[in-house]
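Just so you know, the sequences run in chain order A and B. With the working numbering, letter number 131 in the first sequence gets 131, and the count goes up by one each step, no holes. With the working numbering, letter number 184 in the second sequence gets 184, and the count goes up by one each step, no holes.
These aren't lab readings, by the way, just hints derived from the structure by calculation. Some hints could be false.
What the hints assert, rightly or not - Here are some of the chain B residues that sit facing chain A, going by a computed Cβ distance under 8 angstroms:
(1) G60
(2) G195
(3) M196
(4) Q198
(5) G208
(6) Q211
(7) L212
(8) R216
(9) N226
Cβ atoms here follow ideal geometry from the backbone N, Cα and C, with glycine treated the same way.
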Amino acid sequence: MTMLPEPSAIKLGLVIDLDICVGCQACVVNCKEWNTSGYGAPLADSDAYGESPTGAWLNRVHAYEAGDGANSRTVHFPKSCLHCEEAPCVTVCPTGASFKRAEDGIVLVNEDWCIGCGLCAWSCPYGARELDPAEGVMKKCTLCVDRIYNDNLPQEDQVPACVRTCPTNARHFGDLGDPNSEVSQMVAARSGMDLMPEQGTKPVNKYLPPRPRRAADEAPVSLVAMAEADTPTGFWKWVDSALDRLG
Amino acid sequence: MRPAWSIIFFTTMSGLGLGLAGWIILGLLPLMTPASVMGVGIATLTLIGAGLISSTFHLGHPERAWRALSQWRSSWLSREGVLAVIVMVGLAAWFLAAYGGLRVPFWANLVLLVLLYVTVYATSMIYASLKTVARWHHPLTPVCYLMFAAAGGLLATLALLAILRLPITAALAQAAIVLMLSAWGVKLAWWRLAGMAQHAGSIESATGLGQLGAVRPLMPPHTEENYLQHEMGFVVARKHADKLRMIALALGGGLPVLVLLLAPASAGALAVAVLAHVAGMFVERWLFFAEAKHVVTLYYGEAA
């Protein structure tokens with residue numbers, strides 16, 4: 001049923017650290033790889049080797065410039081499904097294909113039921129859903145439900161592919177329903193935030209804002225000064241004193 | 001939003017068909033001969049049915065469309081589907097009863113009439129319930145759909161009266177004029193009010209980076225257009241919106257009103273008026289979709 005379940009005690013989700021992400025796209029590529037070869041229908045592309053290749057991706061990394069002048073900075077911004085508590089994509093679905101799991105809060109699509117009407121993509125403010133161009137069904141982040149509960153994988157691989165692959169540890173996976181979990185504590189310590197809270201979707205995934213910069217009045221380190229000794233030695237000491245004597 | 005032809009056809013034709021059925025049930029079209037009952041019945045059900053069938057053409061899996069009837073508890077799309085099926089069956093029974101000369105009880109007429117308009121309302125709520133598209137998420141959106149169904153339906157009823165050589169009273173033609181002008185009046189108000197409706201959000205709230213200052217997109221997350229930009233980032237209509245609104249208004253409202261004023265009894269003129277109204281409604285519906293901005297475009301640097 002596409003009614004939303006009662007809020008679950010366990011809320012599995014991601015915490016994404018915007019201070020750390022370097023925009024390397026490794027999570028994007030590994031997500032595509034895992035979801036093309038694993039769960040459900042392949043994550044297809046159209047015109048993959050042609051003039052204008054397009055395709056369905058479940059995770060994309062934007063880059064933004066924020067602030068002005070000396071305080072401006074580049075922020076790499078990964079975006080995938082936020083597994084919302086009040087997921088509008090679930091309630092608009094006319095077939096029951098889109099659903100939120102009662103036991104852990106993961107939002108999934110039953111690809112055998114999906115008619116590909118696209119209404120869930122229209123209802124999602126975050127652009128977390130893309131219609132598969134070959135399969136005609138809606139695709140979305142599954143939180144790698146086929147990894148995190150897969151006992152055939154080694155313990156360290158039982159996390160979403162994007163989390164496992166991130167070379168900078170900008171992505172974290174855990175239970176955001178448990179206030180004592182590592183992810184919940186990160187959110188509490190770093191003022192983790194929701195995207196577009198005004199849409200009322202109550203996302204489970206949280207974003208950690210970039211840390212404040214070092215104070216602007218701190219003197220910048222001169223790399224040239226680091227290379228040149230203040231008091232020369234040897235030959236240059238003799239040159240220095242000889243020239244001084246010349247007046 | 002990218003306008004899908006099948007959805008434009010669906011909302012226009014089903015709306016017109018349901019509006020027409022409403023006036024027939026109210027008894028505005030005295031269906032005295034079996035031939036006219038069957039003809040009008042088939043025409044009405046074809047309008048509604050063709051619209052419904054066309055709506056499945058944009059689906060990735062049309063063969064599973066029946067599944068869309070299951071989620072009426074939460075989904076307006078599902079509610080619309082269920083109501084449309086009930087109404088189609090009810091109307092078929094109504095026309096068969098009329099063909100057989102049976103007297104349909106007043107309460108049954110009333111129930112069918114209410115169901116007809118609730119179906120139109122459900123169609124409008126598919127779009128009006130989406131918080132992600134600010135201009136659709138407006139109380140006047142369903143009013144527009146309901147008014148156009150009523151006005152277009154009455155115009156089609158008058159055309160059928162003329163074609164069947166039944167008398168059209170001056171009062172009926174005047175009522176059609178008032179209804180048509182009111183419908184476009186509401187639409188003009190919608191263009192003005194809902195068109196001004198802005199998303200509460202901005203690129204700063206969308207990214208949560210507002211505390212750092214103004215946010216600008218630096219790099220897209222891909223090198224080619226993606227599904228989201230294709231589906232939600234449609235811009236052609238906004239460029240020509242003013243001209244297209246005039247065309248919609250002139251064809252959909254102006255010409256029909258002119259015909260109702262000058263030749264309210266001419267079958268030919270009324271048929272042309274109905275066709276012009278449908279053409280105008282196509283432009284109006286195309287604009288409804290094409291002008292709408294989706295909040296996700298904020299991530300791509302669009303001012304929503």
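Hint-by-hint comparison with the structure:
no.: 1; hint: G60; in the structure: 2 angstroms, holds
no.: 2; hint: G195; in the structure: 19 angstroms, violated
no.: 3; hint: M196; in the structure: 18 angstroms, violated
no.: 4; hint: Q198; in the structure: 12 angstroms, violated
no.: 5; hint: G208; in the structure: 5 angstroms, holds
no.: 6; hint: Q211; in the structure: 7 angstroms, holds
no.: 7; hint: L212; in the structure: 4 angstroms, holds
no.: 8; hint: R216; in the structure: 5 angstroms, holds
no.: 9; hint: N226; in the structure: 6 angstroms, holds
Violated hints, listed in ascending order, are 2, 3 and 4; each of the other numbered hints is respected by the structure.
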